[in-house]
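Protein chains: 2
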Amino acid sequence: MMPVIDYSGRIPSLRKGLVKRGLDAFLVTNETNISYLCGFPGKDSVLLLTAKEKYFITDSRFIEEAQENVKDFNIKLVRASTYETLCALIKKSALKKIGFEAMNLPYEVACRLGKLAGRQKLQPTKDFIEDLRSVKDPAEGELIRRSIRLTKKVLAITIERAKPGVAENVLSRDIELLFIKNGARAAFEPIVASGANSSKPHARPGNTGIANNSFLMIDIGCSLNSYNSDLTRMVTLGRVSDRFKKIYDIVRKAQRLAIEKIKPGVRISDVDSAARRYIQSRGFGKYFGHALGHGVGMDIHERPNISKCSNGFLRPGMIFTVEPAIYLPKFGGVRIEDMVLVTNSGCEILTA
Amino acid sequence: MMPVIDYSGRIPSLRKGLVKRGLDAFLVTNETNISYLCGFPGKDSVLLLTAKEKYFITDSRFIEEAQENVKDFNIKLVRASTYETLCALIKKSALKKIGFEAMNLPYEVACRLGKLAGRQKLQPTKDFIEDLRSVKDPAEGELIRRSIRLTKKVLAITIERAKPGVAENVLSRDIELLFIKNGARAAFEPIVASGANSSKPHARPGNTGIANNSFLMIDIGCSLNSYNSDLTRMVTLGRVSDRFKKIYDIVRKAQRLAIEKIKPGVRISDVDSAARRYIQSRGFGKYFGHALGHGVGMDIHERPNISKCSNGFLRPGMIFTVEPAIYLPKFGGVRIEDMVLVTNSGCEILTA
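Protein chains in written order, with our numbering: chain A, 498 to 849; chain B, 498 to 849.
Extracted from the complex, chain A is given alone in its bound form (with noise of 0.2 angstroms):
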C-alpha cells in the first residue's frame, strides 16, 4: 500500500515559523515548496499564506485541476498578471510584512512586486521551508526508501550489463529506460564513466566501449512518486591497478569515518570534517572538491548541504548522501556515495 502524505502539520509548522520572524504572511514562489504544502504541483502558481488564510493562485492552464485537487485553500484565478492578483490580495488582507523565498524569486520579480506591493512589506528569507523539508516524516521515508529500492535494482542490472565493450551511453540510456518502465524518471542523467573518464565528477558518458582491465563509477538516482534517492557504485572489470585499489580503500574508509559520526545533534560540518582529514591524512585533500553530501527528499538536491561550510546540527529523520570521492585527473576518480537516515541514536544505511 500506498504511504500516504500526512499535509495538515505543514501549514501550522510554517506559521510557528512566521510568528517567530516577525511575518504576517509568506509567499511561496519554489514549485517543490508549493507542492509540499499542499500536494499540488506549483507549476507557474504561487501561494500566499497569512495567519488566517490560504491561497493558491494560479492561472486559467491549471485553474479546473487546482480546482478539483488543491483541498482546503482558497484558489485565486490571475487574470492579468499573478503579482497584480497577488497584490490586490496583499491590500485586501492589510498585509504588513510578507516574507518571501529569496534564493527563489528573481531579482526582476521581486523588485516588480516590492513597486507593486510596497518594499518595505516584504522581508527576504531563506531556506525557510527547506529546512522544515530537511526533516522527513515517516510516509516521506518510505517513499524514499521505495524510491532506493528501485534504483538498487536498476543498479543490479545495470551491473550486469555492463562488459567489456559497451559503451557508457549505452548503459546509461538503458538506466533512464528501466526508470521510466517502473513508473519512475531517472533524477539526473546517469553518470556511467570508465576509467580516465571517472576523474570528472560529472563526467558526461561517452559512446566508446569500457575497457576491460579498468574500473567503471555508476552514479544513478530516480525520482519515484515525488521521491528521490540516489547512490554511487565502483565496478571493476578484470584486473585493476594497485592505485585504484589504494584510493578505493581510502574513499571507503572516509566514509565509514563520516557514517560513524552521523547522530543527532552533531555539527553538520564535523561529518564533512571526518571524511575530509582522512583523505587529507593520506595526502588526497586537493583531489576531494566538493561537499560530502545533500540532502534528497522531493528535489535530488536539497538541505541538509554536507560541508565544512554547514552550521547546523543533525535531526532524526534527516536523509542526506555520504559521498567522499578522490578524482585523480587522467588516472581517474573514486566516489562512494550511500543514502543515511538519521535515527534517534545514530543512522541507517538506507543504501546498505
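Just so you know, not all the hints are guaranteed correct.
Note: identical chains are not told apart, hence a pair may lie in one copy or across any two.
27 angstroms max Cα-Cα, derived BS3-like pairs, lysine-lysine [unchecked claim]: (1) K805 - K612; (2) K827 - K573; (3) K517 - K589; (4) K650 - K678; (5) K783 - K758; (6) K783 - K540; (7) K623 - K742.
Source of the hints: derived by calculation from the structure; they are not laboratory data.
Chain B: place on chain A using the hints.
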C-alpha cells in the same frame, strides 16, 4: 551530417549590445544562455564577458571537462565561492558597469553580489541574450527540423497505438521511451488527454483507458541535440459529437488566420489577435486563456512570446508555436499546435 553551430559571431553580437547599453561587462548565469555562447553546459557555472576578455567560471566538479571543451575562454576555478571569484575578476579588470540577468539571478544572490562588488556597478537587464537567441541561424533551424522529424515519427506511432481502452499514461510513458530510444528526451511530460480531461490545458495523463466515440489531445515534443520541438494534435476515436467538430473547426480557422498574418515586420501581438478575435467572434473567447504561442529552440519555451502583450515585431529566422485552443470545462478541449519559421516573405510551417 550533423549541422555545425558557428559560435564565432555570438560573443561579438553580445558585445555590440553591451556598448549600446553603456555596459562594460556582462554576467551570464542562465544555463541555456551559457551553453548558447560557449557550447558547453552551464550548470553551476557563470560567464563574465568584458570588452576584451571571456571568463568561464566553474568549480572542481566541472573544471576538467571545461578545460577540455570550452575553447577560447579563460577558465577560472572557483575556490571558496563563485561570487568571490567573480568579484576578484571585477576588481582586477576595473569594471564599472556590469549587466546581469535579472530574470535569472535570485534576489538573494543579486544582493549578495551587490554587497561584494558594489551595488552601483550592477545593472539589471532582461531578455538580452534571449532576444539574440530568438532569431535562429540556419544550423539551428536544421537542428530544430530534426527534432520535429523525430517528434512527428513518435506522434505517428502513438496515434497508431491510441485505441479505446489504452490508458493515457501508458501512451504518455511510451512516448518518453521512444524519445530516449531515439537519442532524445521528452521536452516535457507528454500530454495525452482524452475527452473531458483535455479541458485542462496541461492535463496530467490518467490511468483509465481512453473511450471510444471520443477525442484525444496529444501534445508532445522532444529535445534532440539540445534543440526542442513541440506539437499538438487532436485524434478522434469512433464518432465524435457535433460540438467537438464545431470547436475543432473554429480552432483550425483561428490558427490559419494567425499563420496568414506571419511575416517580418508584423507586430507580434497582431498575430495573437488574429486568432483570438476570431475565437471571440464565435463566442468562445473566455475559453482561450493562454497566449497564442511561444518561441522554441534550446528551451522549450523561449522568446518570442506570442501574446496580446508582446510589443516586439517578427523577424526572419524566428521559430515559434501557433497554438490556439478552446477549453470547455467538463466537455474537453481542442488545441492545434504547429511550429512556424518566419521567412523573408512570410512563414514556413515546419510541422506540416
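* Up to 27 angstroms CA-CA - K589 versus K517, copy category -> Within one copy only: 24 angstroms inside, 43 angstroms across.
* To do: Have a look at K650 and K678 and pick one of within, between, both or neither, based on CA distance no larger than 27 angstroms.
  => This pair counts as both: shortest intra-copy Cα distance 12 angstroms, inter-copy 21 angstroms.
* Taking 27 angstroms as the upper bound on the Cα-Cα distance, should K805 and K612 be classified as within, between, both, or neither? -> Answer is between: at 24 angstroms across copies they meet the 27 angstroms cutoff, but 39 angstroms inside does not.
* Please work out whether the CA atoms of K623 and K742 approach to 27 angstroms or closer within one copy, between two copies, in both situations, or in neither? => Neither, since 42 angstroms and 51 angstroms both go past 27 angstroms.
* Asked: Is it within a copy, between copies, both, or neither that the alpha carbon of K827 lies no farther than 27 angstroms from that of K573?
  -> Between copies, since 20 angstroms is at most 27 angstroms while 56 angstroms is not.
* How would you classify K783 and K540 at a CA-CA limit of 27 angstroms: within, between, both, or neither? -> between (40 angstroms within a copy, 22 angstroms between copies)
* Is it within, between, both, or neither for K783 and K758, if the alpha carbons may be no more than 27 angstroms apart? -> within (23 angstroms within a copy, 61 angstroms between copies)
Of the numbered hints listed earlier, the single one contradicted by the structure is hint 7.
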